[in-house]
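J.: Chain residues, written in single-letter form:
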Amino acid sequence: MENNELQKIWKTFDTEINQKTIDELNLLLTSKTKQTINKFLVILSISILISVGLLIFLAITSLNRQNDLIYLINNATLGIVTIISLLSGLMSWYKIQNNKYNQPLKNWLELRINLLSKWLTGKFSKLYLFLIPLLYVLTVLSIHVYFENKSFIDVLNTEESIIGLIVGAPVGLFVSYFGARKIRKYQLNNLEFLKDLHGRLCNVR
Amino acid sequence: MKSIKDEFLEILSNYQGILHKVSFVYFKNKPDREDNFQEIIYQLWKSFPNLKNHKSIGSWIYAVSINTSISRIKKVARIEYRETIPELPDKSNVIDEISMNESLQLLLDAIYNLDEVDKSIMLLYLEKKSYDEIAEIIGISKSNVGVRINRAKELLKQNIKR
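Line order of the protein sequences matches chains A and B.
Quick note on numbering: this note's numbering labels position 42 of the first sequence as 23, and the sequence is numbered without any gaps.
For this note's numbering, add 84 to where a residue sits in the second sequence, where the first one is 1.
Bound conformation, chain B alone (with noise of 0.2 Å):
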């Protein structure tokens, strides 16, 4: 019989992908992105016994995965002012390791200059999530969620083309 643990282990190797991009969406930095990776692991543990409340795995390890992100993004911010206050960020470190094709590099730089907002919401777009589920996810209604994912389309769109 499994136990509680190995279950929640299957499912998150199942559905570890989401968690791999939601930090890649927020963080540039590799070392950033593994501590949030680590983390929302930490914060799906503790919710997991919750997991009963949500009607799909999917939408909960979105919700999960990106309150977990924005509330480190001003914990990053600080630590990283403080060590590199005269340097700018080394471009070169914001898609590390990863031989990545141009147009999802250039898609990634795009959505970086997005709001955190903005980019959660597109980042379910890009996921091929319904209106519902996006407005499940981040609690916004529908109607909402259709004017937002426009809007930040065309923002995105002008990204690419700068």
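Chain A extracted, bound-state conformation (with noise of 0.2 Å):
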């Protein structure tokens, strides 16, 4: 077969497609946009709704609990690392979300290899493993404390709060790691997919 009898083919490809009209084009661009900004509302509202909900609940508690000082420093060590996670989840989020397309096959793909390596295999990318169990044991401990009526110390001596933290920390720990696991799984399966594409672009053998 020669060269331009394969274009020669590919030329009646042309006749074959289905042209959309211009209304049908504006249609499909004004549903992707409005599925585009309802995601992001979602995840947006979802995630402020749960730590502003948070962040309310340590107010209050710990307004009510001005005289436990280890309630109020672990109500504010929850309430910074929480304000922290969201910021730095929405960035991540975001710039993840908000691809460049507009750019040569190979910069893309070097772009895109570099954000998620640096999300994926960089210098906090295993800081989820500290934050979980801080972040549940803590809310834990928060709500707990809060409504057994005891001063923080209290609780803990209490053998029930002991037993409950030993057998519930493992379970809520597990679904969270379990989660957090196969997202990053997912990524870093694209990562390689993006990395072996870039390799077979650049080595011409």
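Among the clues, some could well be false.
Taking lysine to any residue pairs in the SDA-like style, the calculated list, with each CA pair at most 25 Å apart, reads [claimed, not checked]:
#1 B:Lys105 with A:Leu10
#2 A:Lys20 with B:Pro133
#3 B:Lys159 with A:Asn(-15)
#4 B:Lys112 with A:Ser12
#5 A:Lys81 with B:Lys237
#6 B:Lys159 with A:Asn95
#7 A:Lys(-11) with B:Gly101
#8 B:Lys159 with A:Gly180
#9 B:Lys105 with A:Val62
#10 B:Lys86 with B:Phe132
#11 B:Lys158 with A:Glu173
#12 B:Lys237 with A:Glu(-3)
#13 B:Lys114 with A:Asn95
#14 B:Lys158 with A:Gln78
#15 B:Lys105 with A:Asn(-15)
#16 A:Lys76 with B:Gly223
#17 A:Lys20 with B:Lys130
#18 A:Lys15 with B:Ser87
#19 B:Lys158 with A:Phe159
Hints are computed from structural coordinates only; laboratory data are not their basis.
Got two chains here, each in a separate frame; can you build the complex from them with the hints?
T.: The following block contains the structure:
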């Protein structure tokens, strides 16, 4: 088969395509834009609602327990970690979503690989291993201590509380780690795929 | 006076063939192609303000279309894997609804068997783009383009003969 024969066959593709009208294209653009905005709003709203809900709870319970210094430290730590996690999480998500497709394939691959590498294998990539248990334990303690109507130290000296924490923590941690690992595994696969493509693009054998 | 959106839609309407072809090359199933087509439109709209940075409208559309399609391959593959583990892909669904001539169908089947990078290079070659344009869209040197085209053509011919 000659080279220009391939191009000739390919040219017949033009007659096979069902061209869309401007109205149809407009409809596709509008619905996709709405979908994307809605997805963004849902994720943003859920993250903010959970975080703000937790922060309000921490503020109210702290005001009611002003004499319990350890409880206040627990809540303050939890509040700071929550705010930092929310902001960094939203920023990372925005960066990942905000792809700059408007460039040559090789540059786009490099940009995407750098971004994902920083996120998945960079300095702070393993921070979630520390943050998940910290957030989990601090939240459980904050809620539990408050509703037990005892001081932080008294609750920690109660046998039931310690047993509850020992039994409950692994279950909650397992669920959190499972979710985090699943997302991470998918993104790592994606990174490998992009690296492989980039490698093939750069290596001329 | 035309709005920016009207101007965009007019360009899109004139160049939509590129979007269809890129989607066809990367996605076998119609729903995936349609999703990809829509995603490309959205990404083009997002990068429309930067169009002036490109030498030609065509190369801008090719670059965005190819990059968008490649970024979606993994996502679609994951969904397909989850939904159809026991079944092999239905060959009759590969070219659906369009009654293509046999040669074109054969050519498309052969292109599907190329890897993602060769697919994009072969597509641009078949679209009769110059080596300069291909180099600009893919981001590799002109000599590299030549080597890759020759190799991809050989692979394509072997796939067609099979």
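J.: Determine for every hint whether it applies to the structure shown.
T.: Hint check:
As the CA atoms of Lys105 (chain B) and Leu10 (chain A) are separated by approximately 18 Å, the hinted pair is consistent with the 25 Å bound. Annotation: proposed proximity of Lys20 (chain A) to Pro133 (chain B) holds, straight-line Cα distance about 23 Å (limit 25 Å). Between the alpha carbons of Lys159 (chain B) and Asn(-15) (chain A) the distance comes to roughly 35 Å, so the proposed pair goes past 25 Å and is violated. The suggested pairing of Lys112 (chain B) with Ser12 (chain A) holds, with an alpha-carbon distance near 23 Å, which does not exceed 25 Å.
For the hint linking Lys81 (chain A) to Lys237 (chain B), the alpha-carbon distance of about 30 Å lies beyond 25 Å, and the restraint is violated. The straight-line distance between the Cα atoms of Lys159 (chain B) and Asn95 (chain A) is roughly 19 Å, inside the 25 Å bound, and the hint therefore holds. Distance check on the hinted pair: Lys(-11) (chain A) and Gly101 (chain B) sit about 16 Å apart at the alpha-carbon level, within 25 Å; holds. Annotation: proposed proximity of Lys159 (chain B) to Gly180 (chain A) holds, straight-line Cα distance about 21 Å (limit 25 Å).
Between Lys105 (chain B) and Val62 (chain A) the CA atoms are separated by roughly 48 Å; this puts the pair beyond 25 Å, and the hint is violated. Proximity of Lys86 (chain B) to Phe132 (chain B) is assessed by CA-CA distance (about 15 Å); at most 25 Å being required, the pair is judged to hold. Taking the CA atoms of Lys158 (chain B) and Glu173 (chain A), the gap is about 11 Å. The hint holds against a cut of 25 Å. Between the alpha carbons of Lys237 (chain B) and Glu(-3) (chain A) the distance comes to roughly 23 Å, so the proposed pair stays at or under 25 Å and holds.
Distance hint between Lys114 (chain B) and Asn95 (chain A) is unfulfilled; the C-alpha atoms sit about 32 Å from each other, more than 25 Å. For the proposed pair Lys158 (chain B) and Gln78 (chain A), the alpha carbon gap of about 15 Å is at most 25 Å, so the pair holds. In summary, the hint linking Lys105 (chain B) to Asn(-15) (chain A) is supported, as the alpha carbons are separated by about 18 Å, within the 25 Å threshold. This hinted pair checks out: Lys76 (chain A) and Gly223 (chain B) have alpha carbons roughly 23 Å apart, not beyond 25 Å.
Proximity of Lys20 (chain A) to Lys130 (chain B) is assessed by CA-CA distance (about 16 Å); at most 25 Å being required, the pair is judged to hold. A C-alpha spacing of about 20 Å is found between Lys15 (chain A) and Ser87 (chain B), which places the hinted pair at or below 25 Å, so the restraint holds. Distance hint between Lys158 (chain B) and Phe159 (chain A) is fulfilled; the C-alpha atoms sit about 21 Å from each other, no more than 25 Å.
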